[in-house]
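Peer 1: This is what each chain is made of:
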Amino acid sequence: MDKKYIVSPSPHIHADTSTTTIMRDVIIALCPALLVSVLVYGWAELLVLAVSVASCVLLEWAVTKWLMKRPSTVGDLSAVVTGLLLAMNLPSAIPLWIVFIGAVVAICIAKLSFGGIGQNVFNPAITGRVFLLISFPAQMTDWMPTPGFITVPDAVSGATPLSALKEALKSGSSISEFLDANGYTAASMFWDIGASAGEISAGALLIGFVYLLVRRVVKPWIPLSILGTMALIAAVFHWLVNPELYTGPAFNLLTGGTFLGALFMATDYVTSPMSTWGGVIYGIGIGLIAMMIRYFGAYPEGMSFAILLMNCTVPLLNMWFHQKKYGRA
Amino acid sequence: MGKLTFSMGGIHPHDSKFARERAIEQLPLPPVVYVSMAQHLGAPAKPVVAVGDRVKVGQVIAEPGGFISAFIHSPASGTVKSVAPRKDLAGNPVVHVEIAVEGDEWEPSIDRSKQLVTAIPDDKAAILDRIKACGIVGLGGATFPTHVKLSPPPGKVAECLIINGSECEPYLTSDYRIMLESPKEIVVGAAIMQKVLGGCRCVIGIEENKPEAIRSMRAAVAELGYPGIAVQTLKKRYPQGGEKQLIDAVMRRQVGSGGLPIDVGAVVQNVGTALAVYDAVQKNMPLITNVLTVTGDRIPGNLQHNYRFRIGVPLSFVVEQAGGIPDTAAKIVSGGPMMGKAVSNLDATTVKGTSAVLYLSEAATRRRPETACIRCGHCADSCPMGLEPFLLNRLYKAADLEALEKHAAQDCIECGCCLYSCPAGVPLLDNIRQAKGQVMGVIRARAAAAKAAAEAAKK
Amino acid sequence: MTQTIIWTVAILTVLGLLLALILFWVARRFRVEEDPRIDEVEKAMPGANCGGCGFAGCRAFADAAVKAPNLDNQYCPVGGDEVMQKVASILGLTVEKKAPQVAVVRCNGSCTARPRTNEYDGVRSCRVKAALYSGDTACSYGCVGCGDCVEACRFGALSMDPETGLPVVDEAKCTACGACAKACPKHIIELRNKGPRGMREFVSCVNRDKGPVARKACANACIGCGLCARTCQHGAITVTDNVSYIDFTKCKLCRECEAVCPSGAIHGVNFPKELDKEAVKKRIADRKAKAAAEAKKEVPNG
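Residue numbers (our numbering), protein chains in the order written: chain A, 1 to 329; chain B, 1001 to 1459; chain C, 2001 to 2302.
Among these hints, one or two may not hold up.
[Said to hold, decoys possible] Among the chain A residues that face chain C by a calculated CB cut under 8 Å, a handful are:
hint, residue
1, K4
2, Y5
3, I6
4, S8
5, P9
6, V57
These aren't lab readings, by the way, just hints derived from the structure by calculation.
We put the CB at the ideal spot given by N, CA and C, even for glycine.
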């Protein structure tokens, strides 16, 4: 044979799915929510997104090239996804240098210092967000709406529903008074309740998630167990304990970072368990911790902390839960 | 019954059966044939001819070299030129009998007519002897000697004979063509094996992407009227044709780790084997021919063929007769794209289990560069044995044999689903195959030690 | 404020003392009695934990050495005779001296001598590649070049030469632990005696194919012609399965085999002078002529 033919172990064909196509699908799935947030928050939001994505990509490129001296992993688009998710967790009015610091924490500390894609223990975007939340509490909770391209009828106040609620409860008003005063209904919460870009529209996030399900990029078990746990806990506390002190299932599922966290952050491949049952336990844990923080914690929102805490348990869950094997009990 | 399939894992590659419309042609005889002595599972056969001997088509040229081994017959008439090591398709030396072809003179005892013989002999032992004497081995890929598989160990009863017509590997069409062209012979062959196994039920499983084959086989079953034979449609899903997967699909039973199909009352035989059994028992025809597909991706139709070839024809001759290697080919594979072997030596010869010569283009076959595992779990989702390839890969790298055994590396069937579906191009199967070998070695050593200890205790 | 500090210090001190007591008690309670000589022997060992001795590590070696009646079955290839003598004196035993060894790569099928016939596209592992097929050259026996030996070496003594595609042994670092020889699926790495001042002769090929086949696959292959074996005056060379082998216990380093080898498969290393092939060949020819003359002389007499 003159021509040098390839020889390799079987199989000789491969699926079209690659890390890049998976990340591309995630980006596509985020598009509806991104669109809504840019429409509502305008140029400021667009700028936050651009800075976040650009800094994540640049940092990853620079660190892999000069510090780690290994082939760059920018091409797999994972840094873009991190950038988008980070930006979706930030208020649109946030100073851009804070966005950059968030990107440094997310990419350099949470991702690359652990060895890069696939090696990180904590979700990079959430780590970045939590770092910012603790370091810059004022800027991170300043939800002054920036001028958008469209105006939303039930205008968003300066605080997220969850933090407004916490304030209201502290000042002694009951939940029904709070909901009436702000005019929150289930429909308005589903489509356009405000806060950071990622939290604005549960509906838009859900549309994106359905796309991921159809493309078989993710499986529904983790989000289902998170949402189910949160709904269950909320139902128990709301209807059985005290409806005026604890918010109900609909309010809890549709406000804050519940959907963004459950659908896009908790399902991150690297930082979630691999087996179905491991995923379910992980989801229940996230739901439980998030609700405990919301009901009893000092912070109005607990999704990020819940995910970070459960990230720590993933190696254990991977050790304890395995697939069912063929021909074995 | 609706469409059946196995219960876990599996993938859905494009079936690429481009050569399905090509009727089976007879491949001419080359000037020289090389018959390998290691073309079945088990011990290599021992040659019984010497240099200078004249042989006829169908004459025995090698005897079984052990209990699990098989007779080998001459595929051509002529003179034995050499009995010596020669390189197989992986470049490793194996003893071959080289025969210079002169004419085409057959053993007179072989019935070469096309007449269908439906009357099945009564004597089971005689049938088994004939199958053994004709050197029949499983043609589904593993080339396990058929007579051994058809003789269940004492205490084990076959409840179901599954005839595998799923042909789940992409590209391959040889089983499809024989189901279309010789359905009655296959059914008679199945009925013969059914009889040997004591009259259990028989299911012919065919994947849904071959409706013509399903129709053809159904018609043959109905016409011949043997009791207890049914054709079952299976969903299209790889590796449906894997023995364990097929048993799971058809019988809803799973073979335990390290166990044999007969442990759950199943015997699985390929349609090609059924045809070979028919030829052997009804026509006294030894296994000297088989059908192979010549195909590939992005190659012109005139290079695609289904051939009935004499076993021992060099691959280079097959390629030449089929119209040469297309320019787009970057890899030549003997067998299917999922489990076939890449050919590094085209001078190698065809063997009993050769099912295809496949040309794959650079785009179709080149592996993507390995990047970091993103723990997506696609490998575990696609594993038909329910294993966790990412974990086995990691354990192999850590050389943790104990954990590898605990996580069932030895159960791997090497179907390739994990490596096929990995988005990061991690060479999972490459490593797991090694891990499996190492674990099997440990298990065997342990079994041997236990046996020795038991014997020592007896004394 | 002051009170807080005092309380904190007090509580922590008490807590620390308590924990120390518990630790002390646990250490006493669960102490494992071990032969103190194990520690001594372990201290004398090189501490590389390479497994070259066949034990899991230096401590396992020490443990076995203390328990064994003699040291006949144990040898630390890394520490060599020096360490073995120390170990023996600790245990009051004796050991025989062993010649120091070094890993030798018996393949010289460089990229130029051994043209590639196909392209390997699998995981970069000799073990996997060798299990799959004979390799990406026409030689079924030679180095497959994925560097399993380099990975196996714990002393950094092996590296792949990008030019030849073959592993190179750094003699200064090689401890002859044998990890590379075990890792090589083609069994081309052999431990051989280092030889006086590192000088040694070896056949750098393991190709068992017949001459013409081997030659076609690789220009540097041993073709099993037997010229070396016929030339050798010390009976050190044997040819089996078309490949020649030099027994290093018999070789006298005369370099005659190296001079007569037609394919350059025999290598001599660390010799102070370059081999003058013609001079050696002439020496052999002279000797043969002399022997023939002697034989002639003897025949009439005898």
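Peer 1: Would you settle whether the hint for Y5 of chain A is holds or violated, based on the nearest Cβ-Cβ distance to chain C being less than 8 Å?
Peer 2: 5 Å, holds
Peer 1: Could you check if K4 of chain A really has its C-beta closer than 8 Å to a C-beta on chain C?
Peer 2: Holds - the Cβ of K4 of chain A comes within 8 Å of chain C, reaching about 5 Å at its closest.
Peer 1: Can you verify the interface hint for S8 of chain A: is its Cβ closer than 8 Å to any Cβ in chain C?
Peer 2: With a minimum Cβ separation of about 4 Å from chain C (threshold 8 Å), the hint on S8 of chain A holds.
Peer 1: Hold the hint about I6 of chain A up to the distance rule: shortest CB distance to chain C must be less than 8 Å.
Peer 2: Nearest chain C Cβ about 5 Å off; hint holds.
Peer 1: So, V57 of chain A near chain C? Judge it on the closest CB pair being under 8 Å.
Peer 2: 30 Å, violated
Peer 1: For the restraint on P9 of chain A, tell me whether the closest CB of chain C is nearer than 8 Å.
Peer 2: 5 Å, holds
The structure is inconsistent with hint 6 alone, although it conforms to all the rest.
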